[in-house]
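Novice: Using the supplied hints, reconstruct the complex from the two chains, each of which is provided in its own coordinate frame.
Sequences listed follow chains A and B, in order. According to our numbering, the first sequence is numbered sequentially starting from 28. According to our numbering, the second sequence is numbered sequentially starting from 2.
It is worth saying that the hints were derived from the structure and are not from the lab. Keep in mind the model is a prediction, meaning the values are calculated, not measured. There may be inaccurate statements among the hints.
[Stated by the list, open to error] Just so you have them, the derived chain A footprint on chain B, three or more residues with Cβ under 8 angstroms:
#, stretch
1, 19-30
2, 46-58
3, 304-317
From the three backbone atoms N, C-alpha and C, an ideal C-beta is built for every residue, glycine too.
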Amino acid sequence: RPVVIIPAKSEKEKLMGKITIED
Amino acid sequence: MNDDYLALYHSLSLEIAFVEKQLFESCKSGNNFIAFDNESKSVLDSLVQIGLLIEKNSDGLELFNSYRATLEYPSINILYLLLTDACNLRCGYCYFLANMDKGYKFSFMKEETAIAAIDMFGRCIAKSDSKDQQIVIYGGEPLLNRQTLLTVLRYIDKAKEKQILPAHVSVTINTNGILLEDEIIEQAKESKAVIAISIDGPKEIHDKKRVYQSGKWSFDDVIKGYNLAKSAGARLGICITVDQHNIFQLEDVVRWTINELEAKGMGFNILIENSQNMTEDDYGKYSRLAAKKLIECFKIAREKGVYEDRIMRRVKCFVEKEPVLSDCGGCGLQIVISPDGKIGTCQAFCGSKEYFVSEPFETFEPEKHQFWKEWRSRSPLSMDECKNCIALGNCGGGCLYSAYKRHGTLWSLDDRFCVHAKTTVEFLIKDLWEKQNQ
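One chain only, chain B, in its complex shape (with noise of 0.2 angstroms):
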């Protein structure tokens, strides 16, 4: 940290203490600490007690063991339903419609598809302990599917009062806000969903990336859709996809989305894999700026009292020393339905329907089918090039579709998401002991 003093950080139980170098190392002998006197020794004591070092005869390896046994289990909390694959939009990074052939024929779901689905997932969560599960409504850009929309949110109002679905499920709709109208939000409000509309920033950033099919911009139409539902009251989050258009501005981006927005909340999207086809040379480049940009726009949304999703996962677990396992909902933990009705477990994956399946909606059990047990099991614990990282319990393993597109396997790493989970706890770890000088 400094010259008198370094840090010790345990990977996985995330437990963090900072030590005084000269007694550290006068207690260094080959790889064991032996204490030298009184003072020296309750260090050490204190140390062991926490887990920073550990007793000769204890491989230490307890815990990893325990954390590694929880992901034999699926458990589903997230549902998401993808209304259509179709969208209004086509913005340059779109890794979604990048996985569909040419000749691709869209799909819209039907009422009655989505509202079979809602039973099922309330069957699924039903054996699931927690109390933090979500039906994201998705696409392609689903506010063209209206009907079914409006039914859905009905729907799940319903499903809830009957205890068809715990009270405690939340629901997002995430759209480009295009066709946002007053039935529509106003029924979301009903529905307590929140709208989560993409803005990448004020008009000469979000429209380079996020245009119609004609090459027209987007962003008059999107800012009068994300207006609309302002001033009705409903309750909104911002998308911000990092890309070549807003990296190098991205704390001006972060300033307007607060000021100018008045965003209560926003969520980075780090690039997904696309057909954009970056080089190795720029991919490196784009994932330590996006790494370091994330973090000097979370020290201006944490100012604000604005939360930021990306950064704040890893803050959340270190501060609270509880590793994320996945940070994908895809690993095991949700079912995504496909607006021709097939189960996946993985949205990315709707165009090549790679790890979806054609079952019957009233006897599928995901938790038991290979696909999620696969899923389940792809973490960090599972990874042997992972078990030395600092970032092991802070990282969850980023996308495995990225990984499995750039590399060819979901076992591979998402090289992009390494280098933001490495640099955030760095960046934590140094903050930490900053803010222990102030």
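Just chain A, same shape as in the assembly (with noise of 0.2 angstroms):
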């Protein structure tokens, strides 16, 4: 794996599982 992993924000809206901030 890389030595650095800087997360896109597309990475980070997995968190919210099927919530959009639209809800």
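Specialist: Structure follows, in structure tokens:
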């Protein structure tokens, strides 16, 4: 794996599961 | 995170990176980091770029100071109308009634008081840049003041038509649901108001804490009101207060709320200081267990696509990298109108009228008043004990009323909230790491 991983926003959005901000 | 990787997290910018431990340790020299080859230089450069490492000649406080500067200015975005301080229930954990002396006289807001308050709110928000403003119809139990409630909803609609209020102002009615009836529900629909009903779980759980003054259980009456509103197509939210009656089965309560009530949105309430006189030991146990349970419940809700407000506040700021400077509208962002027409910072103080003023609505400017200025400045960014906390930018400082009642000053920590905020940030970092590995 890479020596540094900076998660993209799209990766963080997975924390919300099926919830959207619009909810 | 594991034997090979560690997480670097900036508690205010909310930037995060997972870095190989071996490389990170190899670069470390005291408090400095020195690249030893092209690969390590590239890694350190990327960490400097997102602010997780700073150049030697920088103090790294620019961001902190820029956020601190915003705490000097109250900006009113929320109006609480306490239509009455009376309630038809006597819930065991109620903070609102707990702050009233014996012999306290309940009162009911007059229609003209509510209308004048809405006009004042319109003037306040005209000065704000925010496009997210809200009127909360609250109590006590606001449906006990039926006529003023209907007048308020109709007047808000009219005020939007006349551009006294912007069209985007949202309306929430917080109720125990018992007195919901057709005319109120239809008017709420007309006004696009969300009806937020307190239901702590199935009957055998709910009725342990939410009872009438006589001790009679309330669940059957509440669910009747809920079903009436639901079948009429009203917009509904569920409030769940976490206490000893439901904390051990909280995951089941969430599943029941989603499956049986078919709720689309819910919010957990962490206990506010009340008359239950928890021991220090119980206080600590409650804080830790509630923090864990809220996360477990969030995991259930997110799989169903159901929005849970308490954790999602933390998730949203983590995802968007936008710190929450105060978790509480009371922090210089709201005006609360008591039933007798006084103006305050926080509804929990309605009983004692601390932090309330008697001023004419027509000329009062809360943004310039010392109460609102002090409450605005009370943020984790202004508190020494918060500066090295992992949840600095994700917490917001919890409930000022709880801090005040527990420690005698607004400037103390809301200990229960600290545990919730820290536990949640740690969960988000670990969960993000796990999702990287899936």
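Novice: Each hint should be assessed against the structure and marked as holding or not.
Specialist: We went through each hint and held it up to the structure:
1. Look at the stretch 19-30 of chain B against chain A: 4 of its residues bring a Cβ nearer than 8 angstroms to a Cβ of that chain, three or more, so the hint holds.
2. Residues of the stretch 46-58 of chain B lying with their CB closer than 8 angstroms to a CB of chain A number 3, which satisfies the three-residue condition for coverage.
3. With 8 residues carrying a beta carbon less than 8 angstroms from a beta carbon of chain A, the stretch 304-317 of chain B meets the three-residue requirement, and the given coverage holds.
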